[in-house]
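> Here is what each chain is made of, one letter per residue.
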Amino acid sequence: MKKRSILVLLISLLAISMFLAGCNTKTNTDADGKKNPGTSNGSKKDTLVYGRGGDSTSLDPITTTEGEAFKVTQNIFETLLVYGEQDTTIHPGLAEEWNTSDDGLTYTFKLRQGVKFHDGTDFNADAVVFNFDRWMNGNEDKFPYYTMFGGYKADEGHVIKEVKAVDPNTVQFILKRPQAPFLKNIAMSPFGIASPAAVEKWGDDFRSHPVGTGPFKFVEWKQKDRITIEKNPDYWQKGLPKLNKIIFRVIPENTARLNALANGEIDVMDGLNNSDEATVLANDKLQIIERPSMNVGYIGLTTNRPPLDNKLVRQAINHAIDKKSIIDAFYGGKALAAKNPMPPSIEGYNDAIQEYPFDLEKAKALLKEAGFEKGFEMDLWAMPVARPYMPEAKKVAEVIQDSLGKIGIKAKIQSVDWPTYLEKARKGEFDAFMLGWTGDNGDPDNFIYTLLDKDSIGSNNYAYYSNEELHKILIEAQTETEQSKRNELYKKAQEIIHEDAPWVPLVHSTPLLAAGKDVLNYLPHPTGSECLLNVEFK
Amino acid sequence: MPPLLINKRISLKKEVNIMLTYTVRRLLSLIPVLIGMTLVVFAIIHAIPGNPAQVILGQRATAEAIANLTRQLGLDRPWYIQYFEYIKSLLHGNLGTSLQTRGPINEEIWPYLAATAELTIVAMFIAIMVGVNAGIISAWFSKSWFDYVAMVLALIGVSMPIFWLGLMGQWAFSIELGWLPTTGREDVRDPVTAITNIYLLDTLLQGRFDQFGTVLKHLILPSFALATIPMAIIARMTRATMLEVMKSDYIRTARAKGLRMFWVVYKHSLKNAIIPVLTVIGLQTGLLLGGAILTETIFGWPGIGRYLYDAIGYRDYPVIQSGILVIAAIFVLINLVVDLLYVFVDPRIKYTK
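Sequence order for the protein chains is D and C.
Going by the working numbering, 296 is the number at position 242 of the first sequence; the sequence numbering is gapless.
Going by the working numbering, 302 is the number at position 141 of the second sequence; the sequence numbering is gapless.
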């Protein structure tokens, strides 16, 4: 009896191991075929797997401000105008042509004909009107990015008076007052035109059933795991997209993501650590792809908290920080030392401004002049998360702590989890703090007004910096439609900010991606999300 | 029917009755435990700073919008009202709505639970198979080289950071040897069609043996990483109790009778030594099911641990509350099952009314 049961056990063990061995050989051949997996019919690889650190929170791009969402929706939805492949110049999108009235109050868009949404309904002027009506009747909770147009329908600041369909292929926007970055706003990913039929069908669930006109159609979303989109066969640009399928996979840990890339499980990864660049370069199957920089990482000096309320103290701190060594140590040399609150790629950048040189003697002299010869103590808050503009905040903070120590300022490094960090910063509870910003639309207003105008105190002006003269200039610049005059205004604004020194602008970094060598035409966009229309495999 | 058999049947019936009463009583006692749990979790997460409205609206939000959303989410109401609303909906079987995805948690939570369950079951299978046997053999040949090596390995297993072990595993078995995939649950280029969300089962149900193999391969690295700690604990526990039992008189008698050593060890000793080990197994399974955040993060495993972790980062109160509640319930249930198992393993254990 007992012998028999042992025999049964042995036989079943044998069976299981044979079965496993069988699986093994089968998957081994899969592994051999790894050189070209994801083929739909034999030869050419046409499924791209994109590895990233976080999942999207919504696939209805207007309902979120969170960048991971746009990486996907940029491929499903299209906007009336689009940015250049790697810059924020304006090009035709769903609108073939557009013109602006002389007073800057009427914008007329001629729409592309014969474009259909993925659900088969027609894209036309009514669809555009439907979308804008939907957004302007919402609020900041529902459609947060719509505030780019100054607010919602009932708000006084709302710049759009009316959106109307002149004929099926012409849409007109009538503004209450000119808005200089209007066209740049229209091209932002959140303003992708959605199928009205699908929005009505799904209601709030549209955020997980997106339907647009873009080169890829939504297939499946397994939360925290992957999002799959596939080629839209009826796409209006013939012969595009080149890929058949894109799978956005979530692999939270940066090193694990790089391992997955090296093993061929994913084809592209974002958020590569600068310190891993050498590993990628040493692997002949991989390549580095650089994202053009449109960000700023900075140390905010909360201007209403003594002794940082003293301009001389803030200038002294600016003199005490050695940006170059920070860039070499933590950005792999791939960042530009910042002297203004916006990056040079943005029109209106003031290159004439002289950076506060790294000069400890000068810094000490300024502190003495301010009456702090013996220095003082303050908190220096370091971000708990990695961002493209600040990959290793705590280590950078240590370097800064060291530098400040040399001029007698004792900085105590503090940190707290990210949601709390933002809330405390918003409430102005920090002395000095590290933060940054990635541009939304390549307009100077999106940096300077958003981050440093007195109107933005309580939202993004965490330094609580307020300057009446600057405010006047920025408001004027918002409605000034003549580009050269506008640039002059922003140049002046940067001078004022430089003098007042509410920040230590640290860096404009170059975010890195890594990809398999066989990935072609991957052009990262400075805004952080790109359409993978032309991407293909070798 | 002979009277002896009838008696036996009656006493069996009585025993089953006692067990049933015991189970029901234990289940009822779960209710105050779970209510207490909700209160504790509620208190803790509301005590930490960080406003969900701020997180939802993101870095770009205006103060006014944050205030509006706070009101809309009901977060400006007194905490006891928020708590009673939550309990009320719980009693209706409603776990709430996620602030982040705005979907019902009842539906959302299942795939994560299933993913974690699959990983846990495989990890515990490995941990028990290796751990119990290593413990037994160590005790059998105590003070032999095997014993020393196994116990040193167990010590390393307990103290090894999973984070490091996971990344090293990926490097060695994926990148250098190319045997195993680094992350995820499946080949995303040939995804599994989910039925139960336990992929080993789903692939078998669909007769996709090739996919079953792939899923199994994806399980190996994370489940071994996850298994190290319980494996080590189980091995040490088994060894300790086995040593104890093997010194007892009846074992000496069994050996004196000339029984084969294998049977003495695996039948007579193990049966008596297994009770404490079973307890440890129960506790460890509960712990693993609670979500192995580190393992799930490194291996990109979409399990309950990451679901909760992301929810915490997002201050998604309903998900945190309900997620912890579900995990706590599972934990308590597993321990109930272990308690009931004792009776089957050791007939001397009886639960009285």
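Hints in this document: simulated from the structure, not taken from any laboratory.
There's no promise every hint is true.
[To be verified] Only pairs whose alpha carbons sit at most 16 Å apart, straight line, appear in this in silico EDC-like list of lysine to aspartate or glutamate: (1) 481(D) <-> 269(C); (2) 278(D) <-> 225(C); (3) 460(D) <-> 415(D); (4) 449(D) <-> 536(D); (5) 276(D) <-> 337(C); (6) 418(D) <-> 456(D); (7) 278(D) <-> 269(C); (8) 207(D) <-> 221(D); (9) 339(D) <-> 269(C); (10) 388(D) <-> 456(D); (11) 299(D) <-> 351(C); (12) 539(D) <-> 554(D).
> So, for every hint listed, does it hold in this structure?
Evaluation of the provided hints:
1. 481(D) <-> 269(C): violated (34 Å)
2. 278(D) <-> 225(C): Not OK: residue 278(D) and residue 225(C) at ~31 Å, beyond 16 Å, violated.
3. 460(D) <-> 415(D): holds (10 Å)
4. 449(D) <-> 536(D): violated (44 Å)
5. 276(D) <-> 337(C): violated (30 Å)
6. 418(D) <-> 456(D): Distance of about 15 Å is within 16 Å: holds.
7. 278(D) <-> 269(C): holds (11 Å)
8. 207(D) <-> 221(D): Violated, at about 23 Å.
9. 339(D) <-> 269(C): Status violated; Cα separation ~38 Å.
10. 388(D) <-> 456(D): Given pair residue 388(D), residue 456(D) is violated - Cα atoms ~23 Å apart, limit 16 Å.
11. 299(D) <-> 351(C): holds (12 Å)
12. 539(D) <-> 554(D): Distance of about 23 Å is beyond 16 Å: violated.
In summary, the structure is inconsistent with hints 1, 2, 4, 5, 8, 9, 10 and 12 from the numbered list given earlier, while agreeing with the others.
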